[in-house]
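Undergrad: From first to last, the protein sequence lines stand for chains W and P. Just so we're on the same page, the working numbering is the position in the first sequence counted from 1, plus 582. Just so we're on the same page, the working numbering is the position in the second sequence counted from 1, plus 582.
Simulated from the structure, these hints should not be mistaken for laboratory data. Keep in mind that the hints are not guaranteed to be accurate.
In this list, chains with the same sequence are indistinguishable; a pair is considered to hold if it fits within one copy or across any two.
Said to hold, decoys possible - No more than 30 Å apart at the CA atoms, straight line, and that leaves these computed lysine-lysine pairs for DSS-like: (1) 827 with 595; (2) 947 with 604; (3) 961 with 595; (4) 961 with 704.
Protein chains: 2
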Amino acid sequence: MPELHLLSPAGFKASAVYAGIKRRQRPDVGLLLCDTTATAAAVFTTNKVFAAPIQVGREHIASGKLRGIVVNSGNANACTGRQGLVDARRMCDLAADVAGCDAGQILPSSTGIIGRVLPMQKIERGIIEAGQYLGKSSEHAQLFADAILTTDTCRKSAAVRFKAGRQTLTLAGVCKGSGMIGPRMGPPHATMLAYLTTDAAIAPALLRKMLAGAADNSFNAVTIDDHTSTNDTAAILASGASGVKITTERDRKTFVSALNEVCRSLAYQIAADGEGATKVVRVEVKNAATEPAARAIARAIADSPLVKCAMHGNDPNWGRIVSAAGMAGVPFDPDRCILTLQNVVVFRAGRPVEFDAADLSADLKSPEVCVELNCRMGKASQTFWTCDLSREYITINADYHT
Amino acid sequence: MPELHLLSPAGFKASAVYAGIKRRQRPDVGLLLCDTTATAAAVFTTNKVFAAPIQVGREHIASGKLRGIVVNSGNANACTGRQGLVDARRMCDLAADVAGCDAGQILPSSTGIIGRVLPMQKIERGIIEAGQYLGKSSEHAQLFADAILTTDTCRKSAAVRFKAGRQTLTLAGVCKGSGMIGPRMGPPHATMLAYLTTDAAIAPALLRKMLAGAADNSFNAVTIDDHTSTNDTAAILASGASGVKITTERDRKTFVSALNEVCRSLAYQIAADGEGATKVVRVEVKNAATEPAARAIARAIADSPLVKCAMHGNDPNWGRIVSAAGMAGVPFDPDRCILTLQNVVVFRAGRPVEFDAADLSADLKSPEVCVELNCRMGKASQTFWTCDLSREYITINADYHT
């Protein structure tokens, strides 16, 4: 079977061009269009400072119907006042001309530097040019995936093919995100950007609910620097081109499972490509008192620069992990918990457990390390993904000049 | 006038010795004693994982009376179970023997690595030895100040002499803190450690209230890595040796003002000596909707690794500051606010303001930089102190091995 990609679900086409917004000659304006009107859902940033395309996107997604997505990288169109809104709407107008639809059926996205007015001449030319090169090949999917990248060092995509009854459905997605990653997206909330396609037919309300649920356990559970962006967006378009409508409880479960798989894969890829990352840190909080407590503890551990530096240095300095859990502001009892690093118990019931520090340190030199904290207080669990904190992170964020 | 120090207020003596707990031969066990029973108040960490000395300290401070403080550095006595409590109480017993008082009149403190049982043989010998060298000189004050340091690169102290009516009073303090600094201390909450002395006489309830207020606008308003420690402690001892009792409204105000000045100076010194710091970043949030909103916005900006990296790189990347304010989870409107960097307006009422980036970048190469965010929503203000985030921070926290 050939490798699946963003355009494997039937009914979609895409393209991207280099319009001169980014410094390096990489695609920076992209179009993803559905052949017909798609059922659509999106979650956006909860930051009170949100970019112009977020405001326009919230308006356009309200109908639950979209023809496509227009995106640029290199400039976030955030903190740009009224001009920013004019520019975001103009992007929709141009993409709508290409798609032959209303501007209200286009979701706009931007990512890059905050506080600069979009270079509209370049963007206008870029959208028109991209409209001339639309296609359905894996190369087209790759170009679109590349057009949303900023400090990312690699393209991020995931896809699954699954059965709904006897029918085969496909669900695919691409995303970007490497810095300013601490998404807290809510029904109509990342700068992470993620776009998903599927050929299933789904009612808008159901699609919305499924996306919000999937985002909470994927994009909203990844952190690089805990900085919720002004532009975070995750959107899904369901073309219905398979002719298979998701209605039965069994099909719903199958679809949710596929959606979760794709979203988690994309979120993992963001953590793995975190700015300066040399490894993924998986934080598994188990048996917390409540769901919010599990999430707060997982986030506190995943966000701690001290924990992330220790992981970078392969140092089993577990005191930093337990103390991060204790500062989460939610019920937590060190005298009950069991902390495991790479399957080695290091702290149990308030007391340190003897372990071979040299062995464990060697084991931490792994591309993925696992911190598991069993709270033994309830039944709630939460997985968070983050990365280590390296000198390279400082180089990227201090030496890079606006 | 000779320089003031921790033992300038009448009625105190101190000493410190190297007991072999720290790797480097620096003082690591200290005693600070009052000649008589002092009125005392303390605030401790709000982390749910708190060290054994915190638990014992909360018990001992309850009476509002103390004879002294015993402290060790190099080991936090945190996450050490029942043995940790036995050891913290033993420290008090030994210090009480020196002071000739009940163990309940001694406040114990520890700072250093989490999860290791205290080396009690060394500590016992250290306390007994320190008891033999007690004195009131500036050298004794310096030794005690040095005994509480861990990754700090310099000693931290502050003192003021002020008039209450015709009488002269002295208030002094020492502190430590460089990493794991994000204190949230509450009435009976910081690993920062701060110890204050004064020769004023003050009622315990009033002293408690004054210390809590001063801590909120000093130690609780400094962040290096937002990691609330298991051991944070700020304590004040009032010997009363001046014979001046603080009772009148005017004297209270004078005392509060002196206390705030000393606590702020100490907090500033913590920010300036933050792990890897090359500069202090002062975050001034003005005219926020409410006091909690002002604090949340100031903390969000001061905690953002993206903001801290930009300050390290002398980069006027103000979008990171505005977006940090927007993610604080409190009322904030970018269309109203005015953001000033080093007195240069960079963002006003939702729109970028033209400025000379090269000039401003040059101005950011300063040992103290100021970020001022005028929210124009209410009347609440909050100052926070932090430092930039450098490669040296990673070196200190990743390469240092437990």
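Undergrad: Run every hint past the structure and note whether it holds.
TA: So, going through the hints one by one against the coordinates:
1. 827 with 595: Classified as within; 21 Å inside a copy, 81 Å across copies.
2. 947 with 604: The answer is between: 28 Å across copies meets 30 Å, while 35 Å in one copy does not.
3. 961 with 595: neither (44 Å within a copy, 53 Å between copies)
4. 961 with 704: neither (53 Å within a copy, 44 Å between copies)
Violated hints, listed in ascending order, are 3 and 4; each of the other numbered hints is respected by the structure.
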